[in-house]
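Trainee: Take a look at the letters that make up each chain.
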Amino acid sequence: MSWLLTAVALAGLSGVPGLFMNRYGSGGERIACALIVAAALCGLGAVVQVFYDGDPLLLAWSWKIPGAAFIVRLDALAAFFLMPLCLVAAAGAIYGLTYMAQSHHPENGRQFRLFYGLVVAAVMLVVCAGNSLLFLFAWELMAVSGFFLITADDQLEEARKAGFVYLAASHTGVLALLAMFVLLEQGSGSFTFPAAGLLVAQGGSAAAIFLLGLFGFGLKAGLIPLHIWLPAAHAAAPSHASALLSGVMIKTGIYGLTRLTSFFCEIPFWWGGSLLALGALSAVFGVVLALAQHDIKRLLAYHSVENIGIIALGLGMALVGRSLGEPLLVMLGLGGALLHVVNHGLFKSLLFLSVGSVVQATGTRDLSQYGGLSKHQPLTALLFLGGAVAISGLPPFNGFISEWLIYTGVFSSAGKDVGGGIAILLIAPVLALTGALALACFVKVFGMTFLGHPRSDAVVQAKEAPALMLAPMMVLLGFCAWIGLLPQTLGPLLLKAVGDWNSAALEMPTAMPLQSLTNISVFAWVLLLTCGLLFWWLQRRRHHVVPGLGTWGCGYQLPNQRMQYSAGSFADTIVALFRFGLWTRRHGGQAGGLFPAEEHFACHTPDIVLDRAILPASSGISWLFVRLRSWVQNGLLAFYLLYIALTLIFFLLWFM
Amino acid sequence: MIVGILIHLLLLLLFAPLLAGIIARTKALFAGRRGQPVLQLYFDLLRLARKGSVISKTTTWVFAAGPVIGLVVPLIAALMLPFGTFKAPLSFDGDLILFVYLFALARFFTAAAALDTGSSFEGMGAAREVTFSCLAEPTIMFALLVLAKLSGGLSLDVLLGDHLSASWRGGSGPALGLILVCLFVVLLVENSRIPFDDPNTHLELTMIHEVMVLDHSGPAFGMILYGAALKLMVLGTLVVNLALPWATPWWALNLLLYLAGLVLLAMLIGIVESVMARLRLVRIPQVLIGTTLISVFALVLVLR
Numbered sequence: 001m002s003w004l005l006t007a008v009a010l011a012g013l014s015g016v017p018g019l020f021m022n023r024y025g026s027g028g029e030r031i032a033c034a035l036i037v038a039a040a041l042c043g044l045g046a047v048v049q050v051f052y053d054g055d056p057l058l059l060a061w062s063w064k065i066p067g068a069a070f071i072v073r074l075d076a077l078a079a080f081f082l083m084p085l086c087l088v089a090a091a092g093a094i095y096g097l098t099y100m101a102q103s104h105h106p107e108n109g110r111q112f113r114l115f116y117g118l119v120v121a122a123v124m125l126v127v128c129a130g131n132s133l134l135f136l137f138a139w140e141l142m143a144v145s146g147f148f149l150i151t152a153d154d155q156l157e158e159a160r161k162a163g164f165v166y167l168a169a170s171h172t173g174v175l176a177l178l179a180m181f182v183l184l185e186q187g188s189g190s191f192t193f194p195a196a197g198l199l200v201a202q203g204g205s206a207a208a209i210f211l212l213g214l215f216g217f218g219l220k221a222g223l224i225p226l227h228i229w230l231p232a233a234h235a236a237a238p239s240h241a242s243a244l245l246s247g248v249m250i251k252t253g254i255y256g257l258t259r260l261t262s263f264f265c266e267i268p269f270w271w272g273g274s275l276l277a278l279g280a281l282s283a284v285f286g287v288v289l290a291l292a293q294h295d296i297k298r299l300l301a302y303h304s305v306e307n308i309g310i311i312a313l314g315l316g317m318a319l320v321g322r323s324l325g326e327p328l329l330v331m332l333g334l335g336g337a338l339l340h341v342v343n344h345g346l347f348k349s350l351l352f353l354s355v356g357s358v359v360q361a362t363g364t365r366d367l368s369q370y371g372g373l374s375k376h377q378p379l380t381a382l383l384f385l386g387g388a389v390a391i392s393g394l395p396p397f398n399g400f401i402s403e404w405l406i407y408t409g410v411f412s413s414a415g416k417d418v419g420g421g422i423a424i425l426l427i428a429p430v431l432a433l434t435g436a437l438a439l440a441c442f443v444k445v446f447g448m449t450f451l452g453h454p455r456s457d458a459v460v461q462a463k464e465a466p467a468l469m470l471a472p473m474m475v476l477l478g479f480c481a482w483i484g485l486l487p488q489t490l491g492p493l494l495l496k497a498v499g500d501w502n503s504a505a506l507e508m509p510t511a512m513p514l515q516s517l518t519n520i521s522v523f524a525w526v527l528l529l530t531c532g533l534l535f536w537w538l539q540r541r542r543h544h545v546v547p548g549l550g551t552w553g554c555g556y557q558l559p560n561q562r563m564q565y566s567a568g569s570f571a572d573t574i575v576a577l578f579r580f581g582l583w584t585r586r587h588g589g590q591a592g593g594l595f596p597a598e599e600h601f602a603c604h605t606p607d608i609v610l611d612r613a614i615l616p617a618s619s620g621i622s623w624l625f626v627r628l629r630s631w632v633q634n635g636l637l638a639f640y641l642l643y644i645a646l647t648l649i650f651f652l653l654w655f656m
Numbered sequence: 001m002i003v004g005i006l007i008h009l010l011l012l013l014l015f016a017p018l019l020a021g022i023i024a025r026t027k028a029l030f031a032g033r034r035g036q037p038v039l040q041l042y043f044d045l046l047r048l049a050r051k052g053s054v055i056s057k058t059t060t061w062v063f064a065a066g067p068v069i070g071l072v073v074p075l076i077a078a079l080m081l082p083f084g085t086f087k088a089p090l091s092f093d094g095d096l097i098l099f100v101y102l103f104a105l106a107r108f109f110t111a112a113a114a115l116d117t118g119s120s121f122e123g124m125g126a127a128r129e130v131t132f133s134c135l136a137e138p139t140i141m142f143a144l145l146v147l148a149k150l151s152g153g154l155s156l157d158v159l160l161g162d163h164l165s166a167s168w169r170g171g172s173g174p175a176l177g178l179i180l181v182c183l184f185v186v187l188l189v190e191n192s193r194i195p196f197d198d199p200n201t202h203l204e205l206t207m208i209h210e211v212m213v214l215d216h217s218g219p220a221f222g223m224i225l226y227g228a229a230l231k232l233m234v235l236g237t238l239v240v241n242l243a244l245p246w247a248t249p250w251w252a253l254n255l256l257l258y259l260a261g262l263v264l265l266a267m268l269i270g271i272v273e274s275v276m277a278r279l280r281l282v283r284i285p286q287v288l289i290g291t292t293l294i295s296v297f298a299l300v301l302v303l304r
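So the protein lines, in turn, are chains G and D. Last residue of the first sequence? That's 656 in the numbering used here, and every number before it is there in order. Last residue of the second sequence? That's 304 in the numbering used here, and every number before it is there in order.
The hints are simulated quantities; they were obtained by calculation from the structure and are not laboratory data. Please note that the accuracy of each hint is not assured.
[Said to hold, decoys possible] On the chain G side, residues computed to face chain D include the following (Cβ under 10 Å):
no. : residue
1   : Gly393
2   : Arg542
3   : Thr551
4   : Ile608
Predicted, not measured: the structure shown is a model, and the values here were computed from it. Each residue gets a CB set at the ideal place from its N, CA and C atoms; glycine is no exception.
Please construct the entire structure, taking both the sequences and the accompanying hints into account.
Mentor: Right under this line is the structure:
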């Protein structure tokens, strides 16, 4: 336990020494980075202790606030959220040394580092809190510190706007969570979290608790249609902050849902069903919205929505499995969801960090300005490619393993006659569609960014990122490869976490998934080695190559780089297929006449919920109230006297 | 097990190029020509392996990774698949997902290699390839779900195993018939055949797979041709296993039955290519969505 508390303290205070140091010096940032890395190591120590000892770590101190107690409890379930947090936080801190060096950011660097450490500490507390009030305290700390990460570049209007939407969404969520915890207290009799499976779900109250939790936690996690704050926030924040927010912080929403559902002894079918529906919606529309984006960081942010959807599908499957009494579904569903939490934390932060290196080298986030970067940034390209393969769920990387667990749950229920199983069966085609769309999207991003000819001068000047930025990415890629190539090493840990959630899930033979993971590992190694061997043979024959020739232009003599396929045209067919939910705006592009004049074309896909529903609705409401106010408060004395007279008459009548 | 792996690999490596020859010969017969020798692809592969190559200076190592992965993936995927009554040598519970995703990996790198050239034609091909696969993928899952439901298993070996002949004769015949049609369509899409793609022409703007490999040459191009032939045989095996589930007590006869099934399948593809025109590009998504719906019907039939 001392490991964990040390980690929280170190991370929380990591930015403080820097506040007292020279604005332009690098002492503060080095201390902050060292403290975060130390905190991450301590956190990993706690994780190892939990898995090694097998017992949850528990600590209970009294707290002066009524109803509150400083109860910190780290079990295997929480450890699965703590693990990616430690890795991503440390990687981001080291990356930040050069990406956001204090000497280049004297005005906001110290503040940024302070809140970076606070977010890390707060997330650690959130996943370990054993008391509602402590949980809410940590949750608020995380939300507010997150705001300062998003608005680090607050001279940009984009960042200020994104921060405002984030803050509004966050606090709406907290409102729901507050109500939820009060209801939970009435059900269990205490603000301390009940042990797994103790609470009896009673009709209306339990339904209200679940719905409030789904809203509050879903808002943080970014399930469609609650994802409104996510794309802009991740795009505006500095890249290593985006990695922390997207890789780790949004997972606290998933953690909340997982923990909340563990309290109840029986789960109504519609809980799992609604989570499956939201998960399917988020997965498919998250990736379709991502395909339609041109801003590379916004695109990655929408992929977070997609992956949260996949996690929700796994969690929903586990919930349905509990209500149907199918332990295999619980094990594979929750196992897949938890592993995907870790996986997404790893590859998404890897992607954000490598994109950060691209953005820093080129000075733009616009995909249509890139091209041919792998000539200038070969290592960044390789690292991004690893992340892209992983996030598309392809073997031999880690994304495949978690999706495989969920798929296997689906197919195992297909063989049996499970009542209500059709909801489960539909997960497989949804996941397949999501996977294929994600593949299309990452072929697009990788190809448009790193392959082909440069599309602008910014790319030609680009330099490879320094070693201190590359090293943390390599570590992340190493973990991705480890989970993909040796998935059987994580199997027992997953089983332990599933047991913490629902002990009934382990009352069955667990040999099947573990044995299959070993087989997958064999296939992954064979794939890697065979490809390596054949690639080596092909490279050895390079001396037969005719040198110095360009790409064949199909007979056209003067191709230029503007003629390459662009990001917009690559995704156009898919975007057109999903136009019913996207409403892409298109401008120009109509060349007419025998000798058409110069013509421009642009397309732009705003967010369906925020830009199409919430913003118009709220501006409509504010317009209404402005009109109302100008009508009521019109400045004429006679009217004010009339209001006073009417009020007096009203009260007179009321109290008579 | 080692023997099983070797038999599988030998059968695949030696027999696969023949199918391409049979398709070409069938098409030639329909067109009233004599056509190329049935063994033409074997000669091509031998020649390409010895040739030098032209590699655009725009490209990077990704360009070479495409053909390599395209060749390795069908080889590895075949180990999970029963060839007729020859059991899959490396079968495990849940291998069907790995099977599907391995081909996705090959698609990722083929498309990336195409984008690596910086040519707009190849970008076009890559975009179409990944787009149409998005629509084919759910169909495969529905078909596999039907088979999983009927067999109660989790591996391709069981899904395409002994239960099939009983299922055909039982009440599930119609559902199996429907997914057979669906899988045949997927086979045509994935192997870039008419009516979805034209394997014969490179240069028209309508092409998908052939235009993606436009810049490859020499041994790398040989790998692509070989990989495509292997893929045809591996995916064809899915269809043949499903359509011809009979087993006799003699292994040699079983093998002959299976190979004859593959030859018949190749001839069927040749006939389809001869009597149909390529679909307009905008029609392809509609056909694929229609196929997905057919596979949904098949699932509903087995669930009722």
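Trainee: Work down the list of hints and note, for each, if the structure agrees.
Mentor: Now for the hints, and whether the structure bears them out:
1. Gly393: Interface hint status for Gly393/G: holds (7 Å vs cutoff 10 Å).
2. Arg542: holds (8 Å)
3. Thr551: Holds, because the Cβ-Cβ distance from Thr551/G to chain D comes to roughly 4 Å (cut-off 10 Å).
4. Ile608: Hint on Ile608/G: violated, closest Cβ of chain D at ~20 Å, above 10 Å.
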